[in-house]
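*Asks:* Read off the chains here:
2 protein chains.
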Amino acid sequence: MTVTVAIDCMGGDYGPVVTVRAAHEFVRKHDDVRVILVGLEEKIHPFLENTGESRVSVRHASEVVAMDDSPALALRNKKDSSMRVAINLVKHGEADACVSAGNTGALMAISRFVLKMLPGIDRPAICAILPTAVGHSHVLDLGANVDCSPEHLLQFGIMGASLVSAIEHKDWPTVGILNIGEEDIKGNEVVKRAAELLKDSGLNFVGNIEGDGIYKGEAEVIICDGFVGNVALKASEGLAQMLGTFLRQEFSRNLLTRLVALIAMPVLKSFKKRVDHRRYNGATLLGLKGIVVKSHGSADVYSFTNALDRAAEEARTGVLERITQRVELQHPLPESA
Amino acid sequence: MTVTVAIDCMGGDYGPVVTVRAAHEFVRKHDDVRVILVGLEEKIHPFLENTGESRVSVRHASEVVAMDDSPALALRNKKDSSMRVAINLVKHGEADACVSAGNTGALMAISRFVLKMLPGIDRPAICAILPTAVGHSHVLDLGANVDCSPEHLLQFGIMGASLVSAIEHKDWPTVGILNIGEEDIKGNEVVKRAAELLKDSGLNFVGNIEGDGIYKGEAEVIICDGFVGNVALKASEGLAQMLGTFLRQEFSRNLLTRLVALIAMPVLKSFKKRVDHRRYNGATLLGLKGIVVKSHGSADVYSFTNALDRAAEEARTGVLERITQRVELQHPLPESA
Numbered sequence: 000m001t002v003t004v005a006i007d008c009m010g011g012d013y014g015p016v017v018t019v020r021a022a023h024e025f026v027r028k029h030d031d032v033r034v035i036l037v038g039l040e041e042k043i044h045p046f047l048e049n050t051g052e053s054r055v056s057v058r059h060a061s062e063v064v065a066m067d068d069s070p071a072l073a074l075r076n077k078k079d080s081s082m083r084v085a086i087n088l089v090k091h092g093e094a095d096a097c098v099s100a101g102n103t104g105a106l107m108a109i110s111r112f113v114l115k116m117l118p119g120i121d122r123p124a125i126c127a128i129l130p131t132a133v134g135h136s137h138v139l140d141l142g143a144n145v146d147c148s149p150e151h152l153l154q155f156g157i158m159g160a161s162l163v164s165a166i167e168h169k170d171w172p173t174v175g176i177l178n179i180g181e182e183d184i185k186g187n188e189v190v191k192r193a194a195e196l197l198k199d200s201g202l203n204f205v206g207n208i209e210g211d212g213i214y215k216g217e218a219e220v221i222i223c224d225g226f227v228g229n230v231a232l233k234a235s236e237g238l239a240q241m242l243g244t245f246l247r248q249e250f251s252r253n254l255l256t257r258l259v260a261l262i263a264m265p266v267l268k269s270f271k272k273r274v275d276h277r278r279y280n281g282a283t284l285l286g287l288k289g290i291v292v293k294s295h296g297s298a299d300v301y302s303f304t305n306a307l308d309r310a311a312e313e314a315r316t317g318v319l320e321r322i323t324q325r326v327e328l329q330h331p332l333p334e335s336a
Numbered sequence: 000m001t002v003t004v005a006i007d008c009m010g011g012d013y014g015p016v017v018t019v020r021a022a023h024e025f026v027r028k029h030d031d032v033r034v035i036l037v038g039l040e041e042k043i044h045p046f047l048e049n050t051g052e053s054r055v056s057v058r059h060a061s062e063v064v065a066m067d068d069s070p071a072l073a074l075r076n077k078k079d080s081s082m083r084v085a086i087n088l089v090k091h092g093e094a095d096a097c098v099s100a101g102n103t104g105a106l107m108a109i110s111r112f113v114l115k116m117l118p119g120i121d122r123p124a125i126c127a128i129l130p131t132a133v134g135h136s137h138v139l140d141l142g143a144n145v146d147c148s149p150e151h152l153l154q155f156g157i158m159g160a161s162l163v164s165a166i167e168h169k170d171w172p173t174v175g176i177l178n179i180g181e182e183d184i185k186g187n188e189v190v191k192r193a194a195e196l197l198k199d200s201g202l203n204f205v206g207n208i209e210g211d212g213i214y215k216g217e218a219e220v221i222i223c224d225g226f227v228g229n230v231a232l233k234a235s236e237g238l239a240q241m242l243g244t245f246l247r248q249e250f251s252r253n254l255l256t257r258l259v260a261l262i263a264m265p266v267l268k269s270f271k272k273r274v275d276h277r278r279y280n281g282a283t284l285l286g287l288k289g290i291v292v293k294s295h296g297s298a299d300v301y302s303f304t305n306a307l308d309r310a311a312e313e314a315r316t317g318v319l320e321r322i323t324q325r326v327e328l329q330h331p332l333p334e335s336a
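Chains A and B are the protein sequences, given in the same order. Residues in the first sequence are numbered consecutively from 0, following numbering that gives the first Met the number 0. Residues in the second sequence are numbered consecutively from 0, following numbering that gives the first Met the number 0.
Relax, there's no trap hidden among the hints.
So these bits of chain B aren't anywhere near chain A, every CB distance computed over 12 Å:
(1) K78
(2) P118
(3) D299
(4) V300
(5) R325
Restricting the straight-line Cα-Cα distance to at most 20 Å, the calculated cross-link-like pairs of lysine to any residue (SDA-like) are:
(6) A:K271 - B:A239
(7) A:K271 - B:F270
(8) B:K185 - A:A65
(9) A:K271 - B:T256
(10) A:K185 - B:D68
(11) B:K268 - A:F245
(12) A:K271 - B:T244
(13) B:K215 - A:S297
(14) B:K268 - A:A239
(15) B:K78 - B:H59
(16) B:K271 - A:N253
(17) A:K268 - B:F270
(18) B:K272 - A:F245
(19) A:K268 - B:T244
(20) B:K215 - A:F245
To be clear about the criterion: a stretch of chain B counts as covered by chain A if any three or more of its residues have a C-beta under 8 Å from a C-beta of chain A, and this derived list gives those stretches:
(21) 140-151
(22) 269-275
Calculated directly from the structure, the hints in this document are not laboratory data. Where a beta carbon is used, it is the ideal one built from N, C-alpha and C, also for glycine.
Please model the entire structure based on the sequences and the hints provided.
*Replies:* Written out as structure tokens, the structure is:
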């Protein structure tokens with residue numbers, strides 16, 4: 000089976016210089032993939048490699064969604080944007096997944112409008128991978144939904160568990176809910192009720208997880224509403240950046256510390272590699288009738304290639320079918336006579 | 000003017016071995032302070048220094064609030080706990096502030112019951128200091144309130160700004176609200192409405208701040224509801240801990256890296272000192288008719304002394320009067336005829 004990934008080549012801070020190069024890298028890495036490069040032909044062509052590779056094709060799209068376009072405007076006024084054309088390719092079955100580093104709000108709005116939701120899922124959720132002390136966890140929602148009902152949080156749990164069981168081949172991944180204490184009585188009403196639903200869901204629910212539990216790896220899937228998840232994720236990014244800056248500053252304070260830095264370089268490099276967020280690039284927009292992966296806007300070639308890998312792996316392992324089956328298990332269809 | 004601090008000596012993971020020693024250290028550091036050590040006399044005495052220091056006194060209290068006591072039970076059944084007696088000393092004017100490293104929920108419940116709220120403030124909020132790339136910020140609420148109205152968030156802004164203007168002698172500190180985007184249209188309804196109230200409040204409101212903005216130092220006071228604040232704070236703690244572990248692991252991988260660690264030790268130490276959370280120990284329970292500071296449960300002597308410093312400084316600079324004045328400015332009392 001060949002997996003075809005449609006790439007919105009115009010999105011992100013760098014556009015084709017990153018996206019097209021990453022596409023070639025991706026095709027070189029995997030024998031079973033094809034890519035459709037979507038965007039302004041004249042911008043894409045300079046970065047096409049002349050390898051005669053038949054698994055790379057280009058689809059012209061005349062418009063570009065800007066990073067500061069409002070989602071509503073992008074949806075209504077830019078019907079031939081690279082983002083929308085890439086999503087359309089998924090809808091019409093020409094591609095198995097699409098990847099964009101563009102405007103998150105627009106990607107969400109257009110995906111939802113074009114692809115529609117899977118049966119039994121009310122809202123899409125953004126699911127990303129965070130490194131932990133013992134491996135990594137999948138956290139959702141990271142910003143698609145600012146207000147969630149207990150039922151939405153349950154759906155996030157089902158989707159997250161289905162994703163992990165597909166791409167990581169784990170039958171019954173652990174699922175936790177982000178809260179401000181480990182006891183059942185803690186938290187707001189929505190979270191308490193969601194925990195009850197999760198307990199009865201048949202998922203491998205391990206209960207409440209506090210903020211530090213994310214990085215301790217207390218569950219393979221961690222659920223939260225998009226407001227809390229987004230703040231926690233960005234606070235983490237900000238803290239990591241600050242600590243990195245402090246470490247660099249201390250090592251470049253004077254000639255002596257610079258010398259020490261040279262000596263310590265191999266160790267510092269292996270530390271840096273270990274916490275390199277580029278390895279985890281690619282957040283999935285879960286809940287749609289199609290695979291849509293959002294890359295970080297500032298992704299480089301290595302990073303964007305990882306997002307392409309993720310999209311392909313989700314297509315290969317049938318994430319959408321897993322979610323659908325799991326939802327049906329939860330809400331059995333009424334028996335027909 | 001002498002500032003008297005009542006210390007719940009039994010709270011925290013270590014009890015008197017830390018709290019009593021820190022009290023002596025605190026008294027040595029400041030000429031203008033007295034301490035009242037509250038708790039089981041027989042547990043406190045072994046750690047009393049025989050200096051004949053008249054500024055250190057002991058007040059016996061026969062009970063101890065355990066870390067896992069429910070707040071309601073601690074409030075109802077332990078009327079002679081060290082925590083409650085310390086808070087009573089504040090209520091009756093025998094102390095200007097109290098500090099505890101004990102059970103946060105119990106400290107909140109007992110403080111609120113004994114001291115009551117300041118006029119115009121509906122709920123207490125937990126306010127702590129976080130380090131930033133450019134200094135530090137005060138963030139509240141960090142877990143006292145799981146659901147907040149826009150008016151509560153406005154009150155948090157007023158209290159936070161009053162605190163900073165008192166203890167840091169800043170006339171008009173910047174105030175931001177934690178949100179999932181910088182634009183006005185982002186976020187949930189509560190945050191949007193709170194932002195409107197803050198705009199009209201006369202505070203130096205700088206608008207929405209995303210999670211990473213905390214550590215960039217985008218505002219001196221950052222407001223959020225207790226659920227979001229608690230998750231962001233604990234996620235940060237967890238991440239910092241994980242990164243510290245990774246760094247240590249890389250430096251102790253083999254003989255060579257251990258040698259490098261020895262050479263890099265002074266640099267690593269100055270990095271560690273810079274991000275030492277013990278410097279920032281001491282969260283204020285704002286909004287009460289009395290100064291109550293919560294120390295981290297795992298605080299050591301250095302760390303607990305910092306919490307005592309913080310409590311004394313708040314008493315010296317009249318934080319409560321500042322909040323009261325600022326609230327009156329916000330809601331002028333009806334003019335009497």
